Structures are given as C-alpha cells and as structure tokens.
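Visitor: Residues per chain are reported as follows:
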Amino acid sequence: MMKNKLTRLFAVTAVSAAVMSGVSVAEDGAGTASVEVKNSFLVAQTTPLSFGQIVAIASDEALNADIATLTVNADGVTADVIVAGSSKASLVAITPGVAGQFTVSGAAPNTVLTVSAIADFTLTDPSNTDTKVFDVTNLTTTVVTSGTPFTYDTDAGGNLVFNVGATLETDSSGAVASGSEAAVPYENVTFTGTYTVSVNY
Amino acid sequence: MKNISLDKRLLFHYSLLLFLFSLFCHASGLQAATVKEIKPLSFGTIALKDNNASYVMRIAFSGQVSVDSSIVIIDSGHPALWELSGFPQHTPINITFIIPDAQTKLAGATDPATSQFTITEHHTFGPIITTDALGNALFNVGATLTTSGSGFYKDATYLNHMTVMVSY
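Chain order of the listed sequences is Y and R.
Under our numbering, the first residue of the first sequence is numbered 2, with each subsequent residue one higher.
Under our numbering, the first residue of the second sequence is numbered 38, with each subsequent residue one higher.
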C-alpha cells in the first residue's frame, strides 16, 4: 500500500518536472533613461573696459562737429589718439586704457561659441555735473585663451576668455551753429556706461 | 520487520528523486531569475543651439554616439547595462522593451512650460541573448533621443522609464 502511494507520488513529480521544463518563462526588469539639459553657462566680466584717464575736449557744434577718438584695442594695446575733423575736439591720454575681459565657464568643452556683435553705447556722468557724453563705438572682441587659437573654442574644461575693445568718441550733439562753435572741455568726473555681451553656442 | 525495511528503501529512493529533481530544476533555470539594470541609459549632459527642428542623438548599444550639429555634448552619455542571472544555461533569451511613455518626464514631473524629448529605438546587439554556463548574461541597451522641434528646453534632467521583458 505504502509502495503504491509512493509510486504515484513519483509519477506526479516526474510529470510536474516534465511540464515545468517546457514552460515559457518571462521576467521583467525596470530601468530608466535620462538626459540633462544645460543650455546655460556663465559669462562674467573679469576686467571692465576702461579708456584710462584722459584730457577731453568736445566741440559744441550742432552739425558736423569735430570728433576726437581714442581706441582701446581688444588685444589690450591702447591705440594712438586719433582726431578726426579739425581742431575743436581733442583727446589726450594720461593713463592707458585697458581692454575689457570676459570669462565663459560651464560651457561645453572644445566647442565653438559665438560672441554676438556688441551694440554701441554712451558714457555719461552719473552725477550730471557734465551733461556731455562720450560715444563708445566699434566694439570688437579677441579671444585670449581657447582650445584652438584664433577661434572662440572653449577649452577642455568648457572655459573661454576673450577681450573687448572699443573706440571712444567725443560728444557730437552740441547746439551751436557752424562758424560759432567752440572747444568745450569735459568736467573732471568719471563717465560710465554699460554694454551687453551675448555669447551663444 | 520486513515492511519497515521496505519503507526505508522507498524513502531513500524518493529522497534521491527529489534531489535529482532539484538538480533538474536548477539546470532548467527554474530557480529565481532576475533582470537587473546595472547602469541606466544616459544621454549625458547636452546643450541645444536651438529647437527649430527635431534633432536626434543616438547612443548605440556599443556606446557609439552620433548627434546632430545643433546638439552640443557637454558630458558624454552611455548605453544602459543590464544583467540577467538565474536563467538556464546556454539558453537563448528573447529581449523586449516596453516603453510606457512616448515622451520623457522632466525630473519626475511634467513641466508644461518646457519641451519634452522622445526616446525611441531601444535596442541591444540582437533581440536574442544567450546565457552563459552559469545562466547569466550581460547586455547593453542603446536608444535614440529626439527633440520636440519647437518651444524651448529648461535646464533640467529629463527622465523616461523602460521595462525590459525577457522570455525563453
């Protein structure tokens, strides 16, 4: 009797094994996929653009006023003072100017960046002691450090340093008729202005 | 006395059979099988020059990355690495990917103010993987990332889920 029961048990076990060996088994596993977007990077001014200390005289003529100019090159060399027109306006450098410098960080490594054209702006006296202005024009940029010379490539760390140069022009918005114009010196104050540098991939 | 001796012999045979069955189950892969993600699929860190069209980034299962020029790679990504264990030895395993979401989810929660990516074409080196002598297998998973082609992307981590289903 005992033997018969065990024999049946063997049979059931064997059938179970046979059935299980033919089972199609499926298993699942959960996972993720991700991407991080980091479009932004830091552009910081490390050196303000400065035209140095100057002696400045403007013409007060309303139209076609004499304009004196002084250029600070983006490579850091202060240009000679250039006087356009005749003799009413003038600029004389006392101390040299300095090119502006910007540092890009946190950008993609070894990647070309585009520095957009920088718009002209004016320098004014914040105290309004002098209402004359200086025009800042012809803003240029020059790469300082880069993974690739002469292009705006970031280095392996995603950094880029570039300079900004520009030309300073004396005020040309006087109100005196031609023939009666005079040379008008600027006040001894600091003139300031702001500009925006745009850097993109 | 005689019956007791017979029962002992039968019990011994049954125990032996159970042992053999256990071995059979092991050889057949009937022990607990696991499908485990060892390394998640990552497209790395990227910047987009623009989103004026749908741009594509592909990470092959081999790790090779191809990308449209409007996608800037900041940190490289990598394919996913999955591990199969506890499966029958030398057995072909069918791999199927189930993607629950057509688009990614931004940092776990959809942000309506930002565009979404689409992740498609999950693949490994073949739809069938063969386990080794221990019943294990490793395989990579690559996929394709596509931008929306309109709107903008906020700086964030974008996630998508996938389920790997294996059968044999």
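In short, the hints are calculated from the structure, not lab data.
Check before you lean on any hint, since a few could be wrong.
[As the list claims (entries may be wrong)] Quick partial rundown of chain R residues pointing at chain Y, CB under 7 Å, derived from the structure:
(1) 103
(2) 104
(3) 195
(4) 198
Being a predicted model, the structure only gives us computed values, none of them experimental.
The C-beta atom is built at its ideal place from N, Cα and C for all residues, glycine as well.
Visitor: Holds or violated: is there a CB of chain Y closer than 7 Å to the CB of residue 104 (chain R)?
Guide: violated, 11 Å
Visitor: Min Cβ distance, residue 103 (chain R) to chain Y: is it shorter than 7 Å?
Guide: Since chain Y brings no Cβ nearer than about 15 Å to residue 103 (chain R), farther than 7 Å, the hint is violated.
Visitor: Tell me if the interface restraint on residue 195 (chain R) is satisfied: Cβ within less than 7 Å of some Cβ in chain Y.
Guide: Holds. Min distance 5 Å.
Visitor: Mind checking the CB of residue 198 (chain R) against every CB in chain Y and telling me if the closest is under 7 Å?
Guide: With a minimum Cβ separation of about 6 Å from chain Y (threshold 7 Å), the hint on residue 198 (chain R) holds.
In this structure, the earlier hints numbered 1, 2 are contradicted, and the remaining ones agree with it.
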